[in-house]
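Here is what each chain is made of, one letter per residue.
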Amino acid sequence: MTQTIDTKTVKHVAALARLGITDEEAEKFSGQFSAIIEYFNMLNEVDTDNVPPASDIANAENILREDDVQPSMNREEFFKNAPKTERGYVKVPTVLGDE
Amino acid sequence: MTQYEAIIGLEIHAEMLTNSKMFCGCSAAYASAPEPNTYICPVCTGLPGAMPVVNKKAVELATLVGLALNCTINEHNTFARKNYYYPDLPKGYQISQYELPIASKGYLDIDTPSPLAPLPKGEGNDDSLRPAGEGSGMRVTIRRAHIEEDTAKLAHEKNSALVDFNRAGVPLLEIVTEPDMRTVEAALDYATKIRAILRYLGVNTGDMETGVLRFEANISVRPVGSEELRTRTEIKNLNSFRALTRASAYEIERQIKVYENGGIIVQETLGWDDVREVTVSQRGKEDAHDYRYFPEPDLPPLRLDRAWIESIRAQLPELPEAKTQRFVTQFELKEKEARFLTSEKALADYFEGVVSKSKSPAKTVHSWIAGEFMRYINDASMDVKDVPVAPESFAKLIDMITDKTIGASAGKTILTELFTNGGDPAQIVKEKNLAQVSDEGFILEVVTKILNDNPKEVEQYLAGKETILQWMMGQIARTTKGKADPNVARELLLKLLEERRK
Amino acid sequence: MQLHNLTIRAASEMLASKKISSVELTQATLQRAHEVDSKIQAYVTIADDVALEQAKQADERIAKGENITPLTGIPFSMKDAISTRGVRTTCSSKILENYVPQYNATVTDKLADAGAVLIGKTNMDEFGMGSSCENSGLFNTRNPWDLDRVPGGSSGGAAASMSAGLCNFAIGEDTGGSVRMPAGFCNVTGIKPTYGRVSRYGLIALASSFDSIGPMTRDAYDCATVLQYIAGHDPKDSTSYKIQVTNYHENINKPVKGMKLGIPKEYFVAGMEVGVESSIQEAIRTYEKLGMEVHEVSLPHTKYALPVYYLLLFAEASSNLARFDGTRFGLSVSKDAKDVVDIYLQTRHEGFGDEVKRRIMLGAYALSAGYYDAYYLKAQKVRTLLRQDFENAFNSVDVLLAPTCPTTAFKLGEKTSDPLEMYLSDIYVVATNPAGVPGLALPCGFSNNMPVGMQLIGKHLDEQTLFQVGHAYQQVTDWHKQNPGNR
Ligand SMILES: [Zn+2]
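Protein chains in written order, with the working numbering: chain E, 1 to 99; chain G, 100 to 601; chain F, 602 to 1088.
Because the hints were derived from the structure by calculation, they are not lab data.
A couple of the hints might just be wrong.
As the list claims (entries may be wrong) - Derived CB-CB ranges, DEER-like: (1) G:K155 to F:T847: 25 to 35 Å; (2) G:V374 to E:K28: 48 to 58 Å; (3) G:E359 to E:E76: 54 to 64 Å; (4) F:E883 to E:E76: 51 to 61 Å; (5) F:A975 to G:N118: 42 to 52 Å; (6) E:E76 to G:H255: 22 to 32 Å; (7) G:K257 to F:I844: 53 to 63 Å; (8) G:L328 to F:I844: 46 to 56 Å; (9) F:T847 to G:L328: 52 to 62 Å; (10) E:E76 to G:K257: 19 to 29 Å; (11) F:A975 to G:N360: 36 to 46 Å.
What the hints assert, rightly or not - Here's a subset of chain F near chain G, in silico, CB distances under 8 Å, partners left out: (12) Y704; (13) R801; (14) I805; (15) S809; (16) P836; (17) D838; (18) S839; (19) S920; (20) D926; (21) R929; (22) V941; (23) Y945; (24) Y977.
Ideal placement from N, C-alpha and C gives every residue a C-beta, glycine not left out.
Construct the entire structure; sequences and hints are all you get.
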């Protein structure tokens, strides 16, 4: 399974990850990604039939919280790091479209 | 012209009634927060390094709903991250469940007649699961129910949006059906029943105007008789039964029109414009649906052992359907009557409370509750659970009517008195002198006076206008403040009128 | 002996016997940090005020004789990925350059409770993504042994702060060798504990299923001391073990005679620097002399550890770093923003360095529709096999011994042009993280005058044995006592 990651794909994943990207960057990343993905394809050599994914067999026991209300954080503290706030809200530019 | 049928599936997002949020200890009562961004912490605002911890109560409530909907509770279920960017989603992902939800494969029976056309073949649509008796109703298959967290609230301003994280992280249960429903009526029936169940279980208030319950409808249409599944659209954020039915009906019509004109339906997400009453496309971005789900590495798989599930099952209350059947047999009510009483748990409980204290037949109790009682609380926009009249008092009142201590109209007066000032019904009867009088001498006096005072009406009656009789009965009730036994009064009235004819 | 090269227990004894106060020790450390660190650049932030306040409180505790721990009054540095309330926490990223957390990581709280003194926050590869500290979005840290060379990464600032004598212990974090590899490059002892042994709450996540906070110290004994105080279940971290913490010093002086040392053959392949290989072989002989049985073992899936590690890390990191969007904290770039999406795009474009962008994009790719099964899921399955490799090996041996890196510290700029080559320098340290097992890095010699590191790998939650075996080695060698000033 060989494949190269073209600049169109790079721009697509950049958009998915909400990363601004220039044409030159897309060009540069495209070459690097192809080499890295090529290297990753080595995993295809491994027979994983009947092998469960590790995420499903994590051995930690249930950690659950009782439904008790704990004190919340101070809003002014929270706002110290916020770029823009207004009337107790965090302010962001217009939101177009959904999700 | 081609006949079409609709294929409808519903998703319900129900906030679960917990004290604290799904993954942190902040209060979940965002609706009563004093100010925006006061029920917040590093976890629910997505601060760097903060980690989620699962709310046990939310898991129990989700399990309770799963059991009520006849689902399989998955002893091993996992949380997953749903990745997308939106300012109401602080972490850039929503913690949800994907491959292994807490509950799967259940069903809910509804009363709306089953469709003539067969259900689509496929997962969860085994015809053998259908309740017996064509036309008696149908079984809606629940595909899954999973836990997730609510988003923050976004207020759109002119050139900006304001974010309030008080709602962020409130536990949600998403309940997804198979596309089993064929009519808007069936969808409404299902939605109404699900809401009632959630309220019965104490999982959700069902107050739709506050947004604690939200529907999404998946809709496609096809010619009747066809078995193909055509492209469907998804209408999001339907916040009322009205929006659900209007939007679904509109979308069905729209799709039929598109096909009739030779067009095609594109798979898309739609919103419902409540003002213009049209569905509108919400997004067209190609990446919009690539949520890149993967197992949440901050939370180990959730393990629900048998014993825990059984202890939750033991908490299941009697559900509307079972209660209805019991009311029919135990109280000899008509199914329709029983269904009305069980539509709300508080109402059913009230009814049973009155019946248990009363010597009158359950049917009489039903007619008083369905009639005067409901009229009163509807007029007052009162919740059944806030009714100030104790079932014992109401039972006494009904019994006094049954044993003719008072008349029906006095009963209404007393009920009003009980609602407004409270008190003991027997005491009120005494104080207001409302006891029914069957004494013929007294009633004869009253009737004679009314006939003497209204010679014109007497003439009209004798000339054949029989409706005057009703008017006269009204006059008697008014004069005696409803105390006169109507049967005695009527007899005497007829007798005196006949005498005058001579 | 100079103050700045004291072990924890030497410093603690001086404090207990009132030869010196914590304030004096702290002032000396701060002064040295201000003098020396202009050359090394180990620290992103030196927290003079916090340090002196904590030192004062430690002195009060010591004076009252109440609540004293072996860490009371001891200066330490903290990797800048761990949240400290009121002290800037940058992850060495422009996107968090001015971020001051509103809350403490659990580890921060635990160290404060023990009475330790926070000197400052150390430089790292941006968000932990790198093996040389050259990916710091702020500046490079230099190796105190040779200023033209890298300190390793990603906890490079932590390792450098130790070997330059800028603290008495350091808190690092190891996602795929980030404690052990720089420890080796800088001649420091350091442990990556079992995944889940130390709470991650407040650690700015890189790869949530690998990240392990661990101490860096002058020797194995000190390492056990620090781990004792930061390990344990945390109700705020659902992935932390509920099992009780063992006493790490309990067996530390017991002889290792008769214990079984495994040498994984897959770790000894062509490409290892000659001086590194000979140092490791020498260490194996030392253990033989101490009476350990040496066995060759096989970890057959070792070659796949690197792609498994990187694929899963990319995927988890791409999601973990989604929250840095310029709306609630950190950098926010909104030049002519018409839509909130413009803020996301611009902030993330300007705030993240190239390596972070690469990993976020590759992670999104590995999780995206159509590729999930081939990449993410496949890697999770091979990860299961990697774990089984270790489980099988530990059926026959008590600990494994392996190098931490095929080479000693390389020159700044040597590997920056090819990201894949940089990834390959992690080849010996990454396998433990997907497997979750603990690894203790120890200095074991020099090659061309640069330190060589080895690691002991143990069973799940068996840090105790690692400290015992590591301590036994340090009783008969003095590599760990070497520092750039005395060699
Ligand atoms: Zn919270």
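Point to revise | List of violated hint numbers, smallest to largest | key: Going through the list in order, the structure violates no hint and respects every one.
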